[in-house]
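**Q** Sequence:
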Amino acid sequence: MANPSGYVNLLNSQNPIDLESPEANWFASQVPDESGVKERRKWSPTKDKILIGAWLNTSKDPVVSTEQKADAFWNRIVDYYNASPHLVGTIPRKLRPCKQRWARINEQVSKFAGCHDGALREQRSGQNDDDVMKAALDIFFNNNGYKFTLDHCWRELRHDQKWCAS
1 MANPSGYVNL LNSQNPIDLE SPEANWFASQ VPDESGVKER RKWSPTKDKI LIGAWLNTSK
61 DPVVSTEQKA DAFWNRIVDY YNASPHLVGT IPRKLRPCKQ RWARINEQVS KFAGCHDGAL
121 REQRSGQNDD DVMKAALDIF FNNNGYKFTL DHCWRELRHD QKWCAS
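In UniProt numbering, the protein residues as written are 1 to 166.
Just so you know, not all the hints are guaranteed correct.
Claimed, not checked - For lysine to aspartate or glutamate, the following EDC-like pairs were computed, each having C-alpha atoms within a straight-line distance of at most 20 Å:
id : residue 1 : residue 2
1  : Lys42     : Asp61
2  : Lys111    : Glu122
3  : Lys42     : Glu122
4  : Lys47     : Asp79
5  : Lys47     : Asp129
6  : Lys147    : Asp129
7  : Lys99     : Asp129
Stated by the list, open to error - Okay, the calculated beta carbon distance ranges per label pair:
id : residue 1 : residue 2 : range
8  : Arg124    : Asp61     : 37 to 45 Å
9  : Asn142    : Asp61     : 19 to 27 Å
10 : Phe141    : Ala83     : 19 to 27 Å
11 : Ala103    : Gln161    : 32 to 40 Å
12 : Gln100    : Arg155    : 35 to 43 Å
13 : Cys164    : Ser84     : 23 to 31 Å
14 : Lys69     : Arg121    : 37 to 45 Å
15 : Lys42     : Leu95     : 14 to 22 Å
Since the hints were derived computationally from the structure, they do not count as laboratory data.
Beta carbons: idealized from backbone N, C-alpha and C, even for Gly.
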């Protein structure tokens with residue numbers, strides 16, 4: 001039955017989104033299903049690690065080095081990502097979702113790296129790595145108002161010069 005007033009109850013027409021989560025649905029890429037309707041695909045920790053590996057390998061390529069335009073650089077990353085044997089049987093990702101996810105990873109890991117460095121500087125005698133990690137997570141939350149959920153990314157990137165303590 002049609003609604004004569006034109007009123008649409010938006011609370012019942014939307015899927016719930018956890019606005020507190022930095023991994024909210026708008027960071028998932030969209031792909032059409034069998035009916036042509038786009039569905040969102042989330043990034044798993046495994047897929048994040050593959051993207052990180054693709055970015056690191058492409059950015060440190062001694063043959064091409066920095067002698068490449070941004071489009072060529074990102075096309076190589078996407079090709080490397082989609083060629084991963086861990087992704088066999090999955091729908092390939094396109095350039096835009098990969099760039100967006102990398103931007104998210106880079107931003108969050110950079111922020112957390114600073115928090116971790118601060119926690120290391122404040123480390124007291126008797127504190128172990130777990131204590132430092134907890135302190136860094138607390139600093140991140142206090143600075144940003146949400147929990148850091150990309151620790152799997154930080155663990156992949158933390159020894160790279162860009163994310164290391166100075």
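**Q** Check each numbered hint from earlier against the structure, then list the numbers of those it violates in ascending order.
**A** Numbers 1, 3, 5, 7, 9, 10, 11 and 12 - these are the hints that the structure violates, sorted from lowest upward.
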